[in-house]
Amino acid sequence: MRLFVELATRAFKRALRYRAAALAGLATNFFFGLLNASILVALLGERSNVAGFDAQGVITYTGVSQALIAYLSMFGSYELMTSVYTGEVASDLLKPMHLLRYYLAQDFGHACAQFLLRGITIMAIYELMFDMVYPQGVFAWLALLVALLFAWGISFVWRFLVNLSSFWSPNAKGFGRLAFLSATFFSGMLMPLDFFPDWVQRICYFTPFPSMLYTVSSIYLNRITPEQMLQALVMQVVWIFVLVGVCQWVLTRGVRRLVIVGG
Amino acid sequence: MTSKYLVYLTHNLQVYRRLVGVQLRSQLAYRGQFALDTLSTFVVTGLEFASLALVFSRFEQIQGWTLAEVAFLYGLVEMAFGIMDLVFAGFDPHVFGDRVRLGSFDQMLLRPINLTVQVFGSDLTLRRLGKITVGVGIFSYALSNATIVWSVPKLLYVVVTGVSLILFFGALFIAGATITFWTVNSVEALNIFTYGGSYMMSYPMHIYQTWLRRFFTFIVPAAFLNYYPALYVLDKPDPFNLPRVMQFVAPGVGIAMFLLALMFWRYGISKYQSTGT
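Same order as they appear, the protein sequences are chains A and B.
Be aware that the first sequence starts at 1222, since it is given in the working numbering, and climbs by one per residue.
Be aware that the second sequence starts at 152, since it is given in the working numbering, and climbs by one per residue.
Chain A on its own, in the form it takes in the complex (with noise of 0.2 Å):
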């Protein structure tokens, strides 16, 4: 636990030094958000309601998508395949703890980095410009806390399954490029997935991304009751598990066939 702390520590103190590059990400963020409330506002018309969006509602909604961006690296990470690729995976391995936790305890502070620089300050930026929407009562603000943590938690174990396939191909970057950009639109950050017609809803809750982000936003936006705010956090532990599980085996498979050259 103390190696772990350390690990997340230096992650976080490391993430908070750029902060030239976090400033220019938070304008990039906002601008994005902008569009996209711009696009949902005049979609939405002349209509107060459509699926329990109003106005305010898919506003607040880009600005949460926006404010979860860095946090759940929805763009990807690449740190373990840029490991694997030069070799360093192997002093990576020869560490007294597990790489799945190693790479977990850096993470963790990366994204509570991301959380202060970017995910509070867009929140904050929005409240400044628009009139937004709060989570309402004591349950909602501890179910939301909970579910940006099992959020975070099933980003990561899905980022390192991706990671995983450089151990068996020399084009895990492409590969991860579709596979991360793929889940924003089944995770909702494209588009609403109450917007969808029911077929697409559908495929998108077969895969773990809707419990990445839109969960987060439908509890941030009071869309769901209370019982559904448990079922929402009991769907993302069954996620992480099965993830887990899978990173596990696919992770013996691919140590038990690396190569490092030496060098």
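Keep in mind that the hints were calculated from the coordinates and are not lab data.
Note that the coordinates shown come from a computational prediction; the quantities given were computed from them, not determined experimentally.
Backbone N, C-alpha and C define an ideal beta-carbon position, used for all residues, glycine too.
If we take Cβ atoms under 10 Å as the criterion, some of the chain B residues that face chain A in the derived model are:
{"#": "1", "residue": "Y181"}
{"#": "2", "residue": "L190"}
{"#": "3", "residue": "S191"}
{"#": "4", "residue": "L198"}
{"#": "5", "residue": "S202"}
{"#": "6", "residue": "V206"}
{"#": "7", "residue": "R209"}
{"#": "8", "residue": "F210"}
{"#": "9", "residue": "R278"}
{"#": "10", "residue": "V338"}
{"#": "11", "residue": "Y346"}
{"#": "12", "residue": "P355"}
{"#": "13", "residue": "Y359"}
Since the structure of chain A is already known, use the hints to place chain B on it.
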């Protein structure tokens, strides 16, 4: 005098062909990677448009524009940006910023070949064909589903607009690359102009807030490169009542932006100081 220019031009073209040839061969040498990259560009671009098309079954129109009409803007932007990204890849601020930071731009300065030609020839990202293909698909959907009263001038003007858009996006890349001479790194904020700009131009300008619309009409003249031409081709009324001639200034704006960017690029080179790496 003219023949001297001609020799210079053909020489540069030959150099460009060689440089690009090297790039193509190296990209096609890794067939698996090329196929995967092209596929992922295709899928990602496709899913973005699909997410819009799918919600249209619920909304049917966006501020008076049908999906086919939006697809006209959207497809034109995807095609033009994709082609620009393919040809101007050497100027991609992210790639070029690395070049400046790591010092490989200094190597280019040492070669007795035109610098701009070298940067043009330094990259040609074939995987953008994935994006261009989706753009062609979206644009074909627009042409076959939107009610357009075709005429020869309209047809010609669509082609002219497409070329102007490519020049406009190219100007953004060249200007972005030039900025990295000073900033060296941190080009993230430029994404707002390149990717943000093209994303914004994929939708009719009248859905945006006034200040945003004014900015992209009068400061960065993006609106003249596809929204106003689209009003002409689709016979839509102009909600802002600008003079009708504004629907036809796309080539002028495109060429002017491109020349301005080239001048900025020249200025940047003359002021360039190496990072010493």
